[in-house]
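K.L.:
Construct all of the structure, not just a fragment, from the sequences and the given hints.
2 protein chains.
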Amino acid sequence: MSDQLVGGIEPPYYTVVFTSVRTEDDPAYAPTAERMHQLVQDVPGFLGYESARTPGGIGITVGYFRDEEAIAAWRANADHQDVMRRGRADWYERYSVHVGKVERSYGFERG
Amino acid sequence: MSDQLVGGIEPPYYTVVFTSVRTEDDPAYAPTAERMHQLVQDVPGFLGYESARTPGGIGITVGYFRDEEAIAAWRANADHQDVMRRGRADWYERYSVHVGKVERSYGFERG
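Taken in order, these protein sequences are the chains called A and B. Residue numbers for the first sequence follow this note's numbering, so the first one is 1 and each next one is one higher. Residue numbers for the second sequence follow this note's numbering, so the first one is 1 and each next one is one higher.
Worth double-checking, as some hints may not be accurate.
You can't tell identical chains apart in this list, so a pair holds if it fits in one copy or across any two.
Quick list of in silico lysine to any residue cross-link-like pairs, SDA-like style, CA-CA up to 25 angstroms [said to hold, decoys possible]: (1) 101 <-> 69; (2) 101 <-> 38; (3) 101 <-> 18; (4) 101 <-> 10; (5) 101 <-> 5.
By construction, these hints were calculated from the structure, which means they are not laboratory data. The structure presented is a predicted model; accordingly, all values stated were derived computationally and were not measured.
P.N.:
The following block contains the structure:
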């Protein structure tokens, strides 16, 4: 992860924007998040993700998927479903999810 | 800003996902970003934004707009265009922009 950006994907594709406010810090959160980041790699049509969190502020994770089928497959994953329940029970004060179809993207890289 | 999330917008609307890696810290960056966050409020069809940055890592800003016209109006803003040039010249190692049309969104709030 670190400072890699997802770019150069040919549209159309989908962005799943997940924004969240956490509850108190829970030591189980980080390893679970890392496990999910590994698990999603196996979903056919998963193209990448980025994640950022301002300390004490909000977090934003963007998942990139080729099509709606790929998003549905990830949502249906049983391990992911368990973790989503755990998230609502323990880890998040609130979150929002916005699923967008990308027809246009561009980027910049310092020469 | 702080820990407010954008939610509850009736689809369709657009997300503009801006992911970036900064160059060295520049004291001019934060006040300019804040000025842009104020300026964009005046764009008809602007619905909100969220921003997060992992210290030493990537930043993600999501802008929410009602339609393509609102996005185009913001891109065409002369002050914003100056700042985008300044961003490429000084502030960003690289960035990516993904414009998505949202047909589906949902959220969670702790009871």
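K.L.:
Evaluate residue 101 and residue 69 at a C-alpha cut-off of 25 angstroms and name the case that applies: within, between, both or neither.
P.N.:
both (13 angstroms within a copy, 17 angstroms between copies)
K.L.:
Between residue 101 and residue 10, at a C-alpha cutoff of 25 angstroms, which is it: within one copy, between copies, both, or neither?
P.N.:
both (12 angstroms within a copy, 16 angstroms between copies)
K.L.:
At 25 angstroms max between alpha carbons, let me know whether residue 101 reaches residue 5 within a copy, between copies, both or neither.
P.N.:
Answer is both; intra-copy 19 angstroms and inter-copy 21 angstroms each pass.
K.L.:
What label fits residue 101 with residue 18 when the C-alpha limit is 25 angstroms: within, between, both, or neither?
P.N.:
both (15 angstroms within a copy, 15 angstroms between copies)
K.L.:
For residue 101 vs residue 38, is the C-alpha pair at or below 25 angstroms within one copy, between two copies, both, or neither?
P.N.:
within (24 angstroms within a copy, 27 angstroms between copies)
Consistency note: the structure conflicts with none of the earlier hints.
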